[in-house]
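Given the sequences, and given the hints that come with them, work out the whole structure.
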Amino acid sequence: MLSKKEVEHIAGLARIGVGTDEIGKFSKELSAVLDWIEQLKEADIKDVEPTANITGLDNVSREDTALNFLGKDKIVNLFPDKKDNFNKVKSVL
Amino acid sequence: MIKDIHNKLVNKEISAVELAQEYFAVIEKKDKNIFAYLTLAKDSALEKAREVDTKIARGEAIGILEGIPGAIKDNICVAGVRSTAASKILDNYIAPYDATVIKNLKEAGAVILGKTNMDEFAMGSSTENSAYGPTKNPHDLQRVPGGSSGGSAAAVAAGEAVWALGTDTGGSIRQPASFCGVVGLKPTYGRVSRYGAMAMASSLDQIGPITKNVEDAAIILSVIAGRDDMDATSAHSSDKNYEKFLTGEVSGLRIGVVKNYIEGLGKEEKKIMDKVIADYKDLGVEIKEIELPTAAYALPTYYIIMPCEVSSNLARFDGIKYGLRAFDHKNTKLDFVPEDRNLIENYLDTRKYGLGAEVKRRIMLGTYALSSGYYEAYYLRAQKVRTLIKKDFEKAFAEVDLILTPTTPMPAFKIGEKTQSPLEMYLADIFTITANIAGVPAISIPAGEIKIDGKKLPYGFQLMAKWFDEENLLNAGYAYEVNPHTN
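Line by line, the protein sequences give chains A and B. Residues 1 to 93 (the working numbering) are what the first sequence spells out, left to right. Residues 1001 to 1487 (the working numbering) are what the second sequence spells out, left to right.
Since the hints were derived computationally from the structure, they do not count as laboratory data. In this text, a Cβ means the ideal position worked out from N, Cα and C, and glycines have one as well.
Selected chain A positions facing chain B (in silico; Cβ < 7 Å):
no. : residue
1   : Arg15
2   : Ile37
3   : Leu40
4   : Val48
5   : Pro50
6   : Val60
7   : Leu78
8   : Val89
In structure tokens, the structure reads:
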């Protein structure tokens, strides 16, 4: 069972604000799934290579050239808060 | 269906504008109850239809998809149209560009009616996780249409679109297709570019068609398939016209069946599956019993790989570049003074108010599994089990051409029936998830109906094929559809 402290820690890492009333619920639900996936420990994976790309593609590369994106204004319009063409955010430091 | 409508357009029995208007009229009438659509794109749809009509009037030949109205799942970007992925965090997001599949469909002349409801960011099996409310199953409004592409499946089933696109990460095209009595195709991983589809679990995601029949699925796949420089995982393949593989001839084809998948079903479901097997035997198919011993691990493997990739992919929704930023959210009652919050708190607030419970669960699960000290026990182990599952499929496909399973353990469940237990909801995908883990193409085809509470509920079967063997997959489905069935 994940402790409340662990849930708070994970939520912090995931940048998700969690109300004190929600922590118990998340702890129960996440623990249930974690207990259930424990069954994977039965699988014999000795000397088995991991699969990341299922069709076997490896290191797909392309020329490092700039592309002209035509939707610049549309991107700027999506900023939640802006001043001129700058995206206005809370101070980083 | 697409071919019939195409012929009507060519023979001037109906114009493309009239056709689009007809579909908007059906939406107007039915969608109050079904709620398949989140956003309609009336102006751009009619404009496209007018272009097609001009071409026809000039006596120019038109392509098979020109003027044919369809619907797009809301996690696929259509330029200039609101694309929310059914999440409050993207409530005001207007897609600045077309996904590659949309670019291809537009070039083929398809008319896009609107964007369909889904589980938030494609996380769910019922569309009940949509931030805008659930879609209802057209066959019984008390029941779910399945998910996550529930809006797309319901739209096609209710005649609110000729065809639709969905995305499938663990069964999200095939399970709703089965629940709604339509055809749903998940192509091979890499067959279709995902550029412009909002990433959920990148090693599993795939876009595919939901249609009334197999021929239509082949027509849509022909348009959307192919290598794309914008998606490095898309596979090189020569341009294909998938309709030309639809001969309906399957004599001598070998189809594998996993015995305990069928034996474990309920009585009515088993009866339908037995009939499908008998029908294929009548068509000269050789049915062989096969085993997929490690497939039992597919579901837990999925619930490690998927949340890990989700936690990484959804980190982009932080309220900085686009979408909701908690400082000005008018629809929720903020329990803080926004001006007093710092940058980190702004992230926390944005994601707290912008994301739904299931999305939060999966992000946290993945964050936990990838956190320091747990990577090997979870993600790496799951990737190794994935290799075992892939090998099982390779072994099976040495003996058979296709694998036949039910699409789901049972037909559509009731709204609210499974929302209290996330784990129980996950089990709805038990037969579909293996195809995503193994990366193989799979299709769900309507097989029959099961009467529950006086309503006839559709039930589908699934075929899986070798990597990049959509030809045999589609043709076997087509053969089932066009040949007479046993009673």
